[in-house]
Amino acid sequence: MNCPAILINHLKKHGRNFIVEKRGNTTQVLFNKCKLKMITRSLEKPKTGFQITALFKKDFLKRFKLGDYCLSDKIQNPQPYYYDFCNKNIRFTHDEIYAIDIKNCYWETAYRLGMMSDKIYEYGLSLRYESEYEQEEIKTMRNACIGGLFTPTLIEHYRDGKMIDSKNIDSKYAKAYFQVINTVYELSQKAIRGLNGNFLYFLTDCFFVKNGSVNSIVKCIQRAGYEYNVKSISLQKVEFNKAYKKIIWREGNGNEDKYYSFSKIQQVT
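The opening position of the sequence shown corresponds to residue 8 in this note's numbering, with each subsequent residue numbered one higher.
Be aware that a few hints might be false.
Claimed, not checked - In silico DSS-like links for lysine-lysine, alpha-carbon gap of 27 Å or less: (1) K182 <-> K65; (2) K253 <-> K238; (3) K42 <-> K20; (4) K64 <-> K110; (5) K44 <-> K179.
These aren't lab readings, by the way, just hints derived from the structure by calculation. Remember, predicted model here, so these are calculated numbers, not experimental data.
Build out the structure end to end from the sequences listed, making use of the hints.
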């Protein structure tokens, strides 16, 4: 059991009046005019990767306060999971397929929009670990920096040790998150325009297309100024059920299955 849970259970057991505020991996407990803030994290995750989220947040808030980054009222909330969409007919195919991945997609986009300084941007990209697992965790933590802008705060009120009210408060920086998502989505829409049947999927930051459309996607990414990777893949399976759809593939001649699953509400057509 983590420290916040231990403290909260103690206060409940002794019938105290207190307030709990939870946001992401941060829990803040207010009682007897005291405020205790605790951060929890998995010990399996790289410490440096975890620290980048705190550094990014501090830098973002500073730039927001100084006016180096301004929220626009024109930013619209996208449909749920805007960044994960596919065409209407998800299907299995034996055609030669390529995955075109936009490198550091969301980190790069947030930087271009002015959400972080050169120092934080370069630091985030400089993080390196020997193991593939740790390196993937670093990428996850960079994306978590952007996702954290959207994370709401859960506020729980306790009286005599019992919860009397619970509500979610939206983040006032959610529009910054949506601005990043919208920017990537708009790029993807430009890239796939006119591809018709050669376009298969766009998942998070990666295009899946048939061989004949690789150059078209690459040129669009280059014009936008992003770096990219191109890999040959083979679809292994496409699964359907009432709750979700799942795409399974392998890279090149590899024998390791990779997959992405998403619920039907994530399908944007």
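Query - Hint consistency between K64 and K110 [alpha-carbon to alpha-carbon, up to 27 Å] - result: 22 Å, holds
Query raised in the report: Is it true that the CA of K42 sits at most 27 Å from the CA of K20?
Result: 19 Å, holds
Query raised in the report: Holds or violated: K253 with K238, Cα cutoff 27 Å?
Result: 20 Å, holds
Query raised in the report: For the pair supplied as a hint, K44 and K179, is the alpha-carbon distance within the 27 Å limit?
Result: 20 Å, holds
Query raised in the report: Do the alpha carbons of K182 and K65 lie within 27 Å of each other, as the hint requires?
Result: 18 Å, holds
The structure is consistent with each of the numbered hints, conforming to all of them.
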